[in-house]
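Q: Residue numbers (my numbering), protein chains in the order written: chain H, 4 to 139; chain G, 4 to 139; chain F, 4 to 139.
Hints in this document: simulated from the structure, not taken from any laboratory. Don't take every hint at face value.
Because identical chains share one entry, a pair is satisfied inside a single copy or across any pair of copies.
In the SDA-like style, the derived pairs of lysine to any residue whose C-alpha atoms are separated by at most 25 Å in a straight line are [unchecked claim]: (1) LYS36 with VAL5; (2) LYS36 with ARG127; (3) LYS36 with ILE115; (4) LYS36 with GLU65; (5) LYS36 with TRP116; (6) LYS36 with PRO58; (7) LYS36 with ASN112; (8) LYS36 with GLY114; (9) LYS36 with PRO73; (10) LYS36 with GLU84; (11) LYS36 with VAL8; (12) LYS36 with THR66; (13) LYS36 with ASN55; (14) LYS36 with MET83.
Note that the structure is a prediction, hence the values are computed from the model and not measured.
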Amino acid sequence: MVEQVRLRLPAFARGYHLITEHVERALPDLPEKGLLHVFIQHTSAGITINENADPSVRVDFETIMNRLVPEGLPEYTHTMEGLDDMPAHVKAALLGNSLTIPITNGRMNLGIWQGIYLCEFRNRASGRHLVLTVMS
Amino acid sequence: MVEQVRLRLPAFARGYHLITEHVERALPDLPEKGLLHVFIQHTSAGITINENADPSVRVDFETIMNRLVPEGLPEYTHTMEGLDDMPAHVKAALLGNSLTIPITNGRMNLGIWQGIYLCEFRNRASGRHLVLTVMS
Amino acid sequence: MVEQVRLRLPAFARGYHLITEHVERALPDLPEKGLLHVFIQHTSAGITINENADPSVRVDFETIMNRLVPEGLPEYTHTMEGLDDMPAHVKAALLGNSLTIPITNGRMNLGIWQGIYLCEFRNRASGRHLVLTVMS
C-alpha cells in the first residue's frame, strides 16, 4: 500500500522550525506498521529531526550552521542569487532533504525528544512544498 | 510486507562504533528483495555507514567532528545539559538518524567496505534504541 | 512490489556531477506511486540532491567541502591510503550514501531545480556502483 499527499507549508523565517504537527495534520490514517517518507522539493531548505523541547537548540543550530558554511567567502562563484544562496545549498545537502520515520501502532514512532524541523536557509522564502509518502 | 523490531544497543563510549553485527542479529529472516530501514530514536547520537576495516577511520571521525562542531563556543545558548550536549545535537543532524539499505538475495546489500556505525556523541549515555523496519 | 537494479556509473573526476539521467535510464518502468531508493556501495563517494541548473553550484560544493574537511591535518591517523582518503570518508558521511525520492504519476517527483549528484571525493576512482530499489 502506498499513500501520498503533498503539503505546502506556510512561509517561515530563516531558521529552524518544529513542523511535526504540520506533518501530522496532513497525513492520511496511518497503517499499523510501515514507513513515512517526508521529502522537501527544494535545494535551499532542508528537513531534519532534532530536539523538540528547548527552543535554544534551534537558535544554536542557526549559529553553528552559519559558522560552518559562512556567507560571503571570496572563493564562492555562485553569487548571483544573493549572499545567502550558495550557503543555503550546502546546508541543505549537509542536513538533508528527506526523512524516513518508522510507523508503529498507527503512529510515527519518534523518540520522546524528537521532532521534525524545517530548516529554512534563505532570508526570504515562500511556503515550501513537501511530499509525504506512507508505505505499508 | 512490513516487519519491525526494536533493538536496544548496549551503552557505548563516546565515539564511533561498528554495529553491523548487532543489527544483523536482531533482524527477522530477510526477504529476497526489499529495503531495511534503521532508525535511532535519539537526538544526541547518530547512525551512518562508513569503512568497516581500519579502526583508525573511526578515531579520525571523532577528531574531525569535534573540530567541525566544537564544544564550549561562547555563542551557544543551549548549555544547561553539559558542554557535549549542543554539539551532540548538531553532529546527529549532520550525520543523520536513519539509514535505508537495500536487501538483495535475502541479505543487506552493503558494499564490501561498508559497515553501520553508531555515532555516540555524549560523554555518558545509556543504551540507545533503534527501530528496524523491513519492507518487501 | 519491489524492483531492483544495479547500476555501474562511469568513472568521474573528483567533484560533483549531475547523474539524474544516468539513474533515469537505468530504472525499470515506474509505478504510479511509490518510492525510489538510490544507494551507493562505497565509503569515499556520496550522493545528494541539489541544484540542477547552474554548474557554479557544483564548483562551490567542492570548495566548501574541502574547507570543512581539509586534507593533511596533523591529527589524522588514517593516512595510508593518501591525503584524499580520510576526508573522503567524512564527506561521504556528511552528504550521505543514499537518497529516497517519491514516485508520483510514474515519475521521480523531484522539485523543478533538483537533480541527483554523484559526489566523487577521491582523486582517482573507478566507476561507482549504485543499487536502485523501487517500492510500490
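Q: Which numbered conditions among the earlier hints are violated in the structure presented, ordered from lowest to highest?
A: Per hint list: 2, 4, 6, 9, 10, 12, 14 violated.
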